[in-house]
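Could you build the full structure based on these sequences and the hints that come with them?
Residue numbers (our numbering), protein chains in the order written: chain A, 1 to 203; chain B, 204 to 433.
To be clear, the hints were calculated from the coordinates, so they are not data collected in a lab. Beta carbons are placed, not taken as given, at the ideal position from N, Cα and C, and that holds for glycine. Check the hints yourself; a few may be wrong.
[To be verified] Have a look at the derived ranges for each label pair, beta carbon to beta carbon:
id: 1; chain 1: A; residue 1: Arg-125; chain 2: B; residue 2: Val-231; range: 34 to 44 Å
id: 2; chain 1: A; residue 1: Arg-170; chain 2: B; residue 2: Val-249; range: 52 to 62 Å
id: 3; chain 1: A; residue 1: His-102; chain 2: B; residue 2: Arg-424; range: 34 to 44 Å
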Amino acid sequence: MSFDIDVTKRLGDAQVGAAFVAGEGVTVLFGPSGAGKTSTLNMIAGLIRPDWGHVHVDGETLFDSGERIDVAVERRRIGYVFQEPRLFPHKRVRANLAYGRHDAGESFAFDDVIAFLGIGHLLDRWPRTLSGGEARRVAIGRALLANPRTLLLDEPLSSLDDARREEIMRAIEHIRDVFRLPVLMVTHDMAEAERLATRVVRV
Amino acid sequence: MSLTPTEWQIVGLSLKVALVAMAATLPVAFALAWMLARGRFPGKVVLDALVHLPLVLPPVVTGWLLLIAFGPHGPIGAMLQNWFGVGVLFRWTGAAIAAGVMALPLMVRAMRLSIEAVDRRLESAARTLGAGPWRVFGGITLPLSVPGILAGCVLGFARSIGEFGATITFVSNIPGETRTLPLAIYSALQLPDGDAEVLRLALVSVALSLGALIASELIARRGGRTLHVV
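In structure tokens, the structure reads:
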């Protein structure tokens with residue numbers, strides 16, 4: 001199983017979290033805004049600490065409240081494409097892409113990644129000069145090049161026009177079918193979920 | 204209208220004192236700015252107030268406190284004398300200490316603001332890419348706060364050039380050793396025929412201060428432009 005997740009956390013008055021088991025392909029976390037989808041991704045990535053539960057990814061325990069296991073974010077190897085691209089503004093696209101690269105154990109070749117994302121012509125640009133769709137593709141490339149064992153996508157298609165959405169959807173399909181990387185994706189759009197999802201988890 | 208050799212010497216001494224003050228205060232100011240921007244500890248408000256104290260305290264009081272601390276029988280002065288055999292009293296190094304202490308609040312303020320302005324979301328993105336805390340600090344946080352650090356340094360330098368009250372109290376007004384620009388202007392004002400010298404040194408002061416302020420503004424603007432976050 002790629003994902004075996006059961007996490008809960010109190011945020012103010014609300015209790016957020018999710019419990020599901022998922023394998024290969026694209027797993028879509030589907031639910032209305034405010035249901036705690038992003039919080040669930042953050043708990044899987046290790047950016048926020050669940051009050052209770054466990055995170056097993058790719059057979060490895062990354063968090064377990066009972067066994068007091070909490071692997072540091074930087075050692076989880078979970079690729080995370082945030083809703084906003086979060087590109088480093090003081091680094092060019094090339095340096096952004098290279099930030100998480102490791103010489104040993106690179107699962108995806110640099111040239112393959114920039115080719116399928118169509119970002120080869122952007123390498124010498126500064127992040128502030130990119131359009132929304134370009135920045136998002138660079139963010140996906142940056143996450144893939146950090147040699148992740150899985151990829152989290154938070155609303156990867158939000159605030160893009162139809163042509164840009166199509167580009168990103170094709171990229172996600174490529175990651176699913178060619179790279180065969182397990183993807184966990186958050187959306188509140190049923191059409192997206194239906195097209196991309198191997199399975200849908202309602203939150 | 205050109206400067207006399209003595210006046211050149213005064214300008215040179217002022218620049219030396221201000222540069223040393225700025226360089227020595229930089230690491231202290233950055234550490235304090237970091238603690239105030241990111242730290243969560245009891246007594247933070249007190250630390251904040253202490254850092255700002257030289258800004259509001261009468262400079263003569265700051266100078267007197269330095270005199271007590273760095274004097275031959277003071278806690279720091281005795282330590283410097285016993286361990287390193289150096290004294291800073293009535294030396295240009297003492298003038299640099301006074302200037303550094305007076306510049307500290309300005310430098311901490313500028314640096315703290317720029318550290319607080321760093322988008323924490325970029326840091327969490329870096330961590331998901333495999334960067335540990337030190338790499339995040341060195342590769343993301345520090346470079347993104349560089350404009351504020353530079354602006355703080357320039358402001359600190361300018362403040363040091365103008366330092367008067369604490370300096371004259373702490374290390375006196377000794378020609379060739381502690382007589383920096385403001386002290387020299389003050390001395391020239393006491394002389395019946397010092398007007399021309401006052402004018403020349405005042406113009407140098409204005410030029411240096413203006414230059415520093417413009418530099419600081421340009422750095423801040425340039426920083427703001429490049430570091431626009433998407």
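Against the structure, the hints come out as follows:
1. A:Arg-125 x B:Val-231: 34 to 44 Å: Given range 34 to 44 Å: holds, Cβ gap about 39 Å.
2. A:Arg-170 x B:Val-249: 52 to 62 Å: holds (58 Å)
3. A:His-102 x B:Arg-424: 34 to 44 Å: holds (37 Å)
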